[in-house]
Amino acid sequence: MNPIAMLIAFMTIVIKEITRFTRIWQQTLVPPAISTLLYFVIFGNLIGPRIGQMDGFDYMDFLVPGLILMSVITASYQNVVSSFFGAKWGKSIEEILVSPTPNLIILLAYICGGVARGVLVGLIVTSVSLLFTDLSIFNGWVLASVVVLTAILFSLGGFINAVFAKTFDDVSIVPTFVLLPLTYLGGVFYSITLLGDFWQQVSKANPILYMINAFRYGFLGITDVSVFFSYGMILVFIMVFFAISLYLLSHSKGLRA
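Here the sequence shown stands for residues 1 to 257, numbered as in the numbering used here.
Hints in this document: simulated from the structure, not taken from any laboratory.
A portion of the hints provided could be inaccurate.
[Claimed, not checked] In silico lysine to any residue, SDA-like type, Cα no more than 25 Å apart, as pairs:
no.: 1; residue 1: K16; residue 2: G90
no.: 2; residue 1: K88; residue 2: T19
no.: 3; residue 1: K16; residue 2: K91
no.: 4; residue 1: K16; residue 2: N2
no.: 5; residue 1: K16; residue 2: N103
no.: 6; residue 1: K166; residue 2: S99
[Unchecked claim] Label pairs and their computed distance ranges (CB to CB):
no.: 7; residue 1: M239; residue 2: M11; range: 23 to 29 Å
no.: 8; residue 1: L195; residue 2: L7; range: 44 to 50 Å
no.: 9; residue 1: I51; residue 2: S92; range: 48 to 54 Å
no.: 10; residue 1: L195; residue 2: L235; range: 23 to 29 Å
no.: 11; residue 1: I51; residue 2: A5; range: 52 to 58 Å
no.: 12; residue 1: G52; residue 2: L104; range: 49 to 55 Å
no.: 13; residue 1: S136; residue 2: Y184; range: 21 to 27 Å
no.: 14; residue 1: T22; residue 2: E95; range: 20 to 26 Å
no.: 15; residue 1: S35; residue 2: W89; range: 22 to 28 Å
no.: 16; residue 1: L7; residue 2: L180; range: 33 to 39 Å
no.: 17; residue 1: L46; residue 2: Y184; range: 17 to 23 Å
Ideal Cβ positions, reconstructed from N, Cα and C, are used throughout, including at glycine.
Throw the hints in and build the complete structure from the sequences for me.
Take a look at the structure:
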């Protein structure tokens with residue numbers, strides 16, 4: 001394919017992905033806003049005043065970055081895993097794979113769809129948070145880059161899950177038993193400095209910890225781990241997941257049944 005044809009194929013898949021999740025906005029965009037609203041009411045307004053401050057900031061301000069990034073993680077992951085598995089289940093993915101479209105273009109297009117939903121949900125959750133607290137931005141470049149990189153990483157994670165999934169039940173296993181625990185234990189609701197030395201070291205094995213801390217640094221200027229190391233961790237995982245995804249797209253027998 002020539003560059004123009006590849007661009008058309010890329011944009012066709014991206015537009016299809018964006019149209020898909022915006023058409024069913026009641027299922028894709030509203031639930032994260034409602035969930036975040038409940039988090040703010042329960043943890044922020046009811047529990048927050050009893051906790052007081054966390055790392056020198058009001059608990060509500062400390063909580064906001066984690067909740068925003070948690071919604072980005074969930075949205076980007078769910079978008080790709082549901083869309084790609086749906087295409088695989090309905091056999092429509094075979095039509096794309098037998099076309100001249102390079103596998104790299106197919107993968108990048110699905111990633112862009114996941115990033116689009118993740119960023120949009122992040123903006124919605126940020127708007128909801130403004131009802132409860134005044135957000136201050138310490139470093140806007142860090143905020144934007146961490147959101148995009150995190151959405152890319154979990155879009156790739158959703159893609160890998162979709163390739164291996166054989167039933168709709170398989171699609172929910174990883175989010176329920178892997179993604180959700182890692183997110184909750186990644187420092188969304190607390191600083192790891194509250195933990196003992198052993199559990200601090202255990203927490204540092206959780207990759208989501210680095211994403212949340214880097215994102216919190218963008219808002220508040222505080223972090224439990226090095227921002228540069230956090231970027232390194234995110235980029236390493238992206239490269240590994242990208243290589244795995246591209247390999248699976250080219251060699252997985254489950255896509256060409």
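Going back to the hint list, which numbers does this structure go against? Of the numbered hints, all hold.
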